[in-house]
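With the hints as extra help, turn the sequences into a complete structure.
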Amino acid sequence: MLIKIISNFSRFFVLIFVQVLILNNIELGGYVNPYVYVLFIILLPVEIPGGLLILFSFFIGLGVDMFSNSMGLHAASSVFIAFFRPFLLKRIAPREGYESEVSFGVKKMGMQWFVTYASIMVLIHHFVLFFLEIFRFEEFFSTLLRMFLSALVTMALIMLSQFVFYRSGK
Amino acid sequence: MRNLIIFLWKHLFFILFLLFEGLSVFLIFENSNFHRANMINSANSVSGSILQTMLGAREYIHLRETNDALAIENAELRSKLASSFYVDSAGKSTINDSLHIQKYIFIAAKVINNSTNKRNNYLTIDKGSLHGLAPEMGVVNSDGVVGIVKDVSDHYATVISLLHKDSKISVKLKKNDYFGSLVWDGGSPSEGSLQYIPKHVILSKGDTIVTSSFSRIFPEGILCGVVTEFELNPGDNFYTAKIKLSVDFSNLTQIYLVDNLMKKEQIKLEEATENAN
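If you read the sequences in order, they're chains L and P. Numbering that gives the first Met the number 0 numbers the first residue of the first sequence as 0 and each following residue consecutively. Numbering that gives the first Met the number 0 numbers the first residue of the second sequence as 0 and each following residue consecutively.
Treat the hints as calculated values from the structure; they're not laboratory data. Owing to the predicted nature of the structure, the values given are computational and were not obtained by experimental measurement. It cannot be assumed that every hint is accurate.
[To be verified] Partial list, computed: chain P residues near chain L (C-beta under 10 Å):
1) F12
2) F13
3) L15
4) L18
5) F28
6) E75
7) L76
Don't be surprised by glycine CBs; every beta carbon is placed ideally from N, CA and C.
This is the structure in structure tokens:
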């Protein structure tokens with residue numbers, strides 16, 4: 000339990016720093032801008048109370064916002080997927096339900112499940128983020144393209160991190 | 000009350016979501032003018048387009064004032080051109096120091112009356128002595144030399160157009176600085192003639208004619224026209240050349256008056272020299 004709290008907290012800070020120090024400086028042709036900090040929300044344990052889920056998501060979004068001069072933008076999209084997460088988890092739950100204290104890793108939940116779960120979360124997050132950012136529908140398709148490409152890169156980085164850091168499983 | 004608390008507790012997740020999402024969105028709009036402006040625009044796209052149309056109409060109505068302001072600004076800018084300055088350094092000095100004194104100033108004016116079809120044409124302009132105009136000031140527009148001020152009243156001035164039998168402007172060939180006189184022989188308002196270019200000068204079609212430095216009225220180097228035809232009659236010492244005037248006299252609106260601030264000094268000096276002989 001304590002280990003879980005510590006690992007989640009350290010993930011919180013590590014992801015914020017990776018996001019603002021490295022990934023925010025990546026802009027491939029103005030199209031691709033990965034937001035890997037979503038991984039924190041994705042990996043929060045299943046038994047976390049809803050209030051804490053939203054609170055943590057708000058704070059990681061705000062943390063990224065503070066460094067990217069986009070007050071509230073990331074917070075809004077993070078809170079949105081935090082709200083969405085329980086419904087999604089219920090929808091794609093394995094038949095026997097989640098074991099308590101399970102961690103949502105590739106090793107534990109299986110490749111297919113994790114990719115489905117993570118990519119839905121990432122897509123929703125990016126959708127909210129990109130459209131809140133431009134705040135109009137005139138450039139709908141170019142924004143959509145931007146969003147999909149960024150989501151692709153985000154997903155690739157998330158999968159990469161899964162294989163690099165959680166290779167040992169458990 | 001108890002029911003309310005139970006309700007709140009049951010829907011705590013949703014309420015927290017609304018609270019934090021609301022807070023985030025509030026932060027977005029509070030911190031970004033861009034989003035605020037967009038909110039206003041997109042929320043009122045109908046009223047926005049109406050306002051846009053009204054703005055367009057208002058801009059059109061104010062075109063005249065805008066034009067005047069721009070013309071005045073242009074006059075100011077022309078006054079700052081290098082050719083408007085008199086280089087105030089000793090002749091021997093090769094260092095061109097920043098010692099410049101203003102020699103010419105430009106005043107913007109509009110043509111309110113004009114003719115091109117007579118032998119002697121005059122212009123009337125909408126500025127007068129109250130604006131600092133005086134007889135014998137030069138008149139130019141953005142294309143070149145227009146004429147010379149003749150009479151001045153409080154608010155108006157008349158200008159001897161270049162299309163006048165008495166107008167004679169000291170000009171030079173831009174390429175080699177040989178000077179001559181530009182006159183108008185009547186006929187086409189776009190054609191003048193160039194006199195007193197000596198026959199040893201190699202003249203060719205397309206040579207540019209600009210005002211010379213001999214004039215007390217115009218700054219040096221203002222465009223006058225381009226040579227279109229020339230001939231050297233046997234026994235003459237000078238070419239007779241036809242010039243395509245650079246100014247379109249049938250379409251004159253915005254002009255600038257040139258005031259030579261050192262004219263008096265120059266005239267006084269030259270008169271003193273002549274009287275002494």
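A quick look at each hint next to the structure:
Annotation: interface hint on P:F12 holds; nearest CB of chain L at approximately 3 Å, less than 10 Å. Annotation: interface hint on P:F13 holds; nearest CB of chain L at approximately 8 Å, less than 10 Å. The closest approach between the C-beta of P:L15 and any C-beta of chain L is roughly 5 Å, which is under the 10 Å cut-off, so the hint is satisfied. Restraint check, P:L18 versus chain L: the minimum CB separation of about 8 Å is within 10 Å; hint holds.
The restraint placing P:F28 at the interface with chain L holds, with a minimum CB-CB distance near 8 Å, inside the 10 Å limit. With 10 Å as the threshold, the beta carbon of P:E75 stays out of range of chain L, its nearest partner Cβ sitting at about 40 Å, so the hint is violated. Against a cut-off of 10 Å between C-beta atoms, the interface hint on P:L76 is violated, since the closest Cβ of chain L lies about 38 Å away.
Consistency note: the structure conflicts with the earlier hints numbered 6 and 7.
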